[in-house]
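S.K.: Residue numbers (the numbering used here), protein chains in the order written: chain A, 119 to 411; chain B, 23 to 322.
Don't read these hints as lab results, they were simulated from the structure.
Fair warning: there could be bad hints in the mix.
As the list claims (entries may be wrong) - Footprint (simulated), chain B over chain A, 3 or more residues, beta carbon under 8 Å:
| id | segment |
| --- | --- |
| 1 | 166 to 176 |
| 2 | 221 to 228 |
| 3 | 248 to 262 |
| 4 | 379 to 387 |
Claimed, not checked - To give an idea of the chain A side of the interface with chain B (calculated C-beta under 7 Å), a few residues:
| id | residue |
| --- | --- |
| 5 | Ala-124 |
| 6 | Thr-142 |
| 7 | Ala-231 |
Remember, predicted model here, so these are calculated numbers, not experimental data.
Glycine included, C-beta positions come from ideal geometry on N, C-alpha and C.
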Amino acid sequence: MRRYEARWGLLMALPAILGFVVFTVGPMIASLFFSLTEWQIGGEPTFVGVDNYVGLADDELFWKSLGVTTYYTLGAVPLTLVVSFAVAMLLNQKARGLAVWRTIFYLPTLVPAIANVVLWIWIFNPDFGLLNSLLRQAGLPTSQWVYSETTAIPSLIIMSTWGFGNTMVIFLAGLQGVPRHLYEAVSIDGGGPWRRFWHVTLPMMTPTIFYNLVVGVVGTFQVFTQAYVMTEGGPNNSTLFYVYYIFRKAFTESEMGYASALAWVLFMIIMVVTFLMFRNARRWVYYEMAGAR
Amino acid sequence: MTALATPEKTRPRGVAPTAGLRRPRRYGRVLLYAGLLLGAIPTILPFVWLVRSALMADSQMFVAPPEWIPRPFLWSNFGEALTAQPFALYLLNTVIIAVVCVIGTVFTCSVAAFSFSRLRWKGRNVVFAALLSAVMLPYAVTIIPTFVMWERLGAIDTFAPLTVPAWFAGAGGGVFNVFLLRQFFLTIPFELDEAAYIDGASPWRVYWTVVMPLSKPAIVVVTIFTFIGTWNDFLGPLLYLQSEEKYTLSLGLASFQSLFITQWGYLMAASAAMIAPIIALFFFLQRYFIEGVTLTGIKN
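Taking the hints into account, I'd like the entire structure generated from these sequences.
M.R.: Below, the structure written as structure tokens:
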């Protein structure tokens with residue numbers, strides 16, 4: 119029975135294992151090798167050692183794209199966390215028409231990236247766009263949005279916050295898992311809604327907040343479509359996102375080796391940042407079953 | 023991970039189940055709906071703007087101050103936008119890719135999840151952990167070699183690079199689905215398997231007749247995630263598809279964007295048409311969706 123079971127087990131896991139080898143491990147090794155070569159697609163790769171990595175230090179656009187991506191991440195992630203947590207708190211109440219409310223708040227997340235870009239180009243239009251029209255009617259100063267170097271990234275942060283739905287759904291799932299007897303205990307002690315939030319909801323939600331934080335940072339580090347379709351990295355490279363720079367190097371300028379080195383640096387940055395977040399998490403993430411782990 | 027503490031277990035006897043979430047007092051209600059409305063307006067506004075622009079003549083779009091009601095309602099924008107480029111063909115291509123991906127992902131991921139949760143074999147947990155590590159890998163690292171691989175195989179400008187990985191448990195980030203399904207399968211009582219095995223059932227039979235029928239919410243979640251992911255994918259088709267008759271909706275819309283930069287009405291109509299099916303799908307399935315996310319305990 120044991121061997122019979124093991125045979126079935128391997129057989130059923132086989133597609134997943136093959137997929138992991140062919141589409142993850144293989145490409146990773148290949149990518150590491152490519153990053154040590156100079157290679158135009160169609161030609162033969164020439165081994166150049168760590169030249170590509172050394173070359174990064176003098177590449178102004180590499181630093182620029184790193185800065186742009188960091189700026190974007192620092193703006194978009196906290197804003198999305200706060201907005202989605204607040205909305206999840208509201209949706210965790212017994213409101214009428216909950217299905218409709220949930221759908222409304224999740225809607226923007228469903229919009230295909232490309233349709234999203236088309237829509238927001240039109241919203242950001244300085245002359246006839248939604249945002250400037252509203253500002254003008256309210257008698258407030260208008261903005262050039264994505265068409266100016268200084269406001270391009272903040273505009274894209276607003277645009278990304280609009281799609282807070284996924285983060286919100288996970289917060290909602292977390293909120294529904296907070297044990298109700300804890301709220302009871304606070305109420306018995308005479309605590310109001312504020313104390314319930316501060317002493318029960320927030321501590322119990324720290325694992326969920328942490329999960330969303332990590333997923334958010336890893337995600338925003340990999341933004342591509344906005345830069346490719348909406349701004350093409352402009353104006354004046356102010357929206358040259360890191361992955362867009364990799365794409366440009368690889369598929370426009372056909373510098374596969376250099377692009378692979380860029381990709382590996384991104385990988386290392388994400389690993390270091392994730393590691394730091396995990397280490398820092400011990401100070402503020404509360405695990406109820408910490409002893410059991 | 024199995025210890026998904028349910029409120030039922032931790033609730034002391036004699037306390038009504040809804041005690042914590044009792045209806046707030048009246049001012050609380052007012053605040054609640056005010057908050058919901060306040061959040062909903064900025065969420066909805068871009069859609070309203072999209073729909074009103076889709077129904078307007080360009081001449082009316084470019085007036086200041088802006089008008090919210092189209093005069094007249096130009097329904098013809100939809101027809102003309104969708105025939106100006108072969109969007110029907112793009113739709114067909116997108117649906118083909120999405121359906122092939124959903125079937126492949128649901129099948130290979132659930133089979134793997136079954137193996138990782140309910141069959142014992144040597145090295146199982148190590149393999150599972152290795153697989154899961156793929157989720158953290160940025161796609162930028164694998165995209166160049168993967169592209170080169172498909173190019174060497176002569177598969178550029180075919181649907182293969184867009185669909186085949188789905189049949190290997192979604193490959194890469196798709197492994198998240200294996201995790202999600204495994205978490206769900208672990209909540210199904212193992213006594214059911216044992217009873218089936220005593221009756222002489224094979225693991226395949228247990229998978230197909232015991233575990234799968236009990237896992238509908240989780241299957242629905244994976245289906246929705248995969249369908250939306252494929253429907254919305256832009257980078258994949260951008261890299262692998264070249265001839266226009268193979269374009270997906272995403273690519274069609276992107277090329278439409280650069281071709282018809284002046285005809286905003288058409289562009290908005292085409293965008294609205296691409297969003298609408300996804301919204302309809304979500305609306306009807308959202309109950310399973312939220313339930314699935316909650317049950318599978320993504321938060322852990």
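S.K.: All hints, please: hold or fail.
M.R.: Hints, one by one, checked against the model:
Under a criterion of three residues with beta carbons nearer than 8 Å to beta carbons of chain B, the stated coverage of the segment 166 to 176 of chain A fails, only 0 such residues being counted. Only residues whose beta carbon comes within less than 8 Å of a beta carbon in chain B count, and the segment 221 to 228 of chain A has 7; three or more means the coverage holds. Check result for the segment 248 to 262 of chain A against chain B: holds, 4 residues qualifying (beta carbon to beta carbon below 8 Å, three or more required). Counting residues of the segment 379 to 387 of chain A whose CB lies closer than 8 Å to any CB of chain B gives 5, so the stated coverage by that chain holds, three being the minimum.
The closest approach between the C-beta of Ala-124 (chain A) and any C-beta of chain B is roughly 4 Å, which is under the 7 Å cut-off, so the hint is satisfied. At a threshold of 7 Å, the smallest CB-CB gap from Thr-142 (chain A) to chain B is about 5 Å, leaving the interface hint in force. Interface hint status for Ala-231 (chain A): upheld, as the beta-carbon distance to the closest one in chain B is roughly 5 Å, under 7 Å.
Consistency note: the structure conflicts with earlier hint 1 alone.
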